[in-house]
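First to last, the sequence lines map onto chains X and Z. Sequential numbering of the first sequence, starting at 1, is according to full-length UniProt numbering. Sequential numbering of the second sequence, starting at 1, is according to full-length UniProt numbering.
Certain hints may be false.
Unchecked claim - Within a straight-line C-alpha distance of at most 30 Å, the following computed DSSO-like cross-link-like pairs (lysine-lysine) qualify: (1) Lys203(Z) <-> Lys166(Z); (2) Lys116(Z) <-> Lys166(Z); (3) Lys166(Z) <-> Lys166(X); (4) Lys166(Z) <-> Lys203(X); (5) Lys116(Z) <-> Lys67(Z); (6) Lys116(X) <-> Lys60(X); (7) Lys166(X) <-> Lys116(X); (8) Lys203(Z) <-> Lys166(X); (9) Lys67(X) <-> Lys116(X).
These aren't lab readings, by the way, just hints derived from the structure by calculation.
2 protein chains.
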Amino acid sequence: MMEAWEASSGILLQRPWLPVNISGCHLLAKSWFGDTAYHILLTDMHCVWEERMVSAAIQKRAQELNKRLRAPVQAFFSHLCEVVQPTLTGSDGRPTDEALISLTKQEDGNVNMRLKSELAGLPLYWEFHCTPAPVTVVCVQLVRPLLLMSHLLQQQVDQLGGLLVKKDAEIQDYRENGATLSRERLQTDFFEEQTNREDFMAKTLPLLPRDTLTFDADLQRLYAAVVTHGATRKRRLSETCFVEEERPSKEPNPDVNQVGSVRSEPDEAEEQNQTRKLDGAAAKTADRPSVKQSAQATSDPAERPSSKPKKKKVGLFR
Amino acid sequence: MMEAWEASSGILLQRPWLPVNISGCHLLAKSWFGDTAYHILLTDMHCVWEERMVSAAIQKRAQELNKRLRAPVQAFFSHLCEVVQPTLTGSDGRPTDEALISLTKQEDGNVNMRLKSELAGLPLYWEFHCTPAPVTVVCVQLVRPLLLMSHLLQQQVDQLGGLLVKKDAEIQDYRENGATLSRERLQTDFFEEQTNREDFMAKTLPLLPRDTLTFDADLQRLYAAVVTHGATRKRRLSETCFVEEERPSKEPNPDVNQVGSVRSEPDEAEEQNQTRKLDGAAAKTADRPSVKQSAQATSDPAERPSSKPKKKKVGLFR
């Protein structure tokens, strides 16, 4: 189960967040459609929803929604992909084949994406039941990449500032040697980092929409760069310093000796290596809500692939 | 309940993410300690945890953890603040008063922060029970600010690139008029945006830690700017385009007519205005897990403050 979870998550991590328009809703989407299995992520930047489904679960839901459906799950699924992928990749505002898609937010916070199409002359229905994604998924797919991007961009700002200072030094030298401009309008102001930053913020911030939903081309490129970078690096031990308990203690007992080992989260690189195992492994978890899956994924030691035992951390309570 | 949730969330939004070191764990923390109420957020960038507690719940837990405790909750709480705040603000690696703090990750994914101190010569215990934060909270406190920061920084990169092009034009003009440098080393290379970006990425990316945990001074300043900017803006209707159902339908029924209205999420600005209502309102929800609170906060129409009724959205299924 972990494997399946990691596999599709690993694939999705490498995908860009694409702006999509689903029945008038502007969202960002990531989607992966495998061999009768899929994993989709949707966000309006106020919440992130996901659904991961595999063969058995897809067949079950397809039958529930289409009583008269006799097509094998493969045929049904390939038609589903054909119809829904244009919408989920933003390559088409409206799916082909006169399919109709609507988005509904449930009172429980879930989001249903309903699809009506036609297969062999009969109406064909499908529903994506998207639940709020686990926080760990949001951290992997958005928080960490965005923080890395911010760091990179800040460093680039600093680097360009340094270049501007050098340009000014060169210009200064020309001027001191009596050089003059043939065209006055070419003269530039001396660059002063702080003044420039303050002016920039004063001008730009008010124009910035509060809810920026898109990654433009530059940010998409940067996102791709940092997730690839991240996926090829091992997680540092300093990130996994928690003392983990063997069993959560029901009775509060502050003096307990914390015996535990340090374990690292599954690494995206490993997740990707397990891609092929997806279908088989995933089938076992058909139709479980994603949140549960991940809660287990991040908690069950037995299922952690990169379990590094480490010297017992001396607890502060002894 | 909503009010309390929004109030402390609104206050926390304006706080920086501070690097803290809790018994060897490097985390980022946001915390708010009010009048016998607190709200803390912790993240290792792989998950985000939080706990919000109010007077009644604090008293209950204090009694459970300290059977012989007779101090009124106010005295207990002010001592707790004194002891734990240095740690949660990173102003001190180790709290005062010989207090001992340890962090434990439960198998269920929760994080307990246990504290041992002394009050009036008796050992005094406290436990923060932090549960994974709702995705909506992670979006407000991290995802949206970080995306806005990335947009701003990208625009600043573009602006500085523009300045460099102007500098080169000025330098070009001097050179064409026969100007020469007195010091050769002052000569700069012609700035070419794409080449510069590629060189920068090639040099910088490999040096970037995969798990960057800190907001440095520049990013802190930028974070403060965008959250303030965001909090003073109303949410756009385009953000709330979901057709919401009156009741989630048990039976899958794709042909249902989606009668619903468009509602907006609570606005941070409003959240802040409701700060004073925190204690009173919050008391009602003492000791409920934060996840539940937020699930309700984002789902119960009756409790939505900025409920804007709107023309019925014509569903696509009719």
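Quick rundown of the hints versus the structure:
In summary, the hint linking Lys203(Z) to Lys166(Z) is supported, as the alpha carbons are separated by about 25 Å, within the 30 Å threshold. The hinted pair formed by Lys116(Z) and Lys166(Z) fails the criterion: a straight-line CA distance of about 61 Å is larger than 30 Å. For the suggested pair Lys166(Z) and Lys166(X), the alpha carbons sit about 13 Å apart, so the restraint of at most 30 Å is met. Restraint check: the Cα-Cα separation between Lys166(Z) and Lys203(X) comes to about 20 Å, which is no more than 30 Å; the hinted pair holds.
A C-alpha spacing of about 14 Å is found between Lys116(Z) and Lys67(Z), which places the hinted pair at or below 30 Å, so the restraint holds. Only pairs whose Cα atoms come within 30 Å are accepted, and Lys116(X) paired with Lys60(X) is accepted, the gap being roughly 17 Å. Simply put, Lys166(X) and Lys116(X) have alpha-carbon atoms about 61 Å apart, too far for the 30 Å limit, and the pair is violated. Straight-line distance between C-alpha atoms of Lys203(Z) and Lys166(X) comes to about 20 Å, which keeps the hinted pair within the 30 Å bound.
In summary, the hint linking Lys67(X) to Lys116(X) is supported, as the alpha carbons are separated by about 14 Å, within the 30 Å threshold.
Hint check: violations occur at hints 2, 7; the rest are consistent with the structure.
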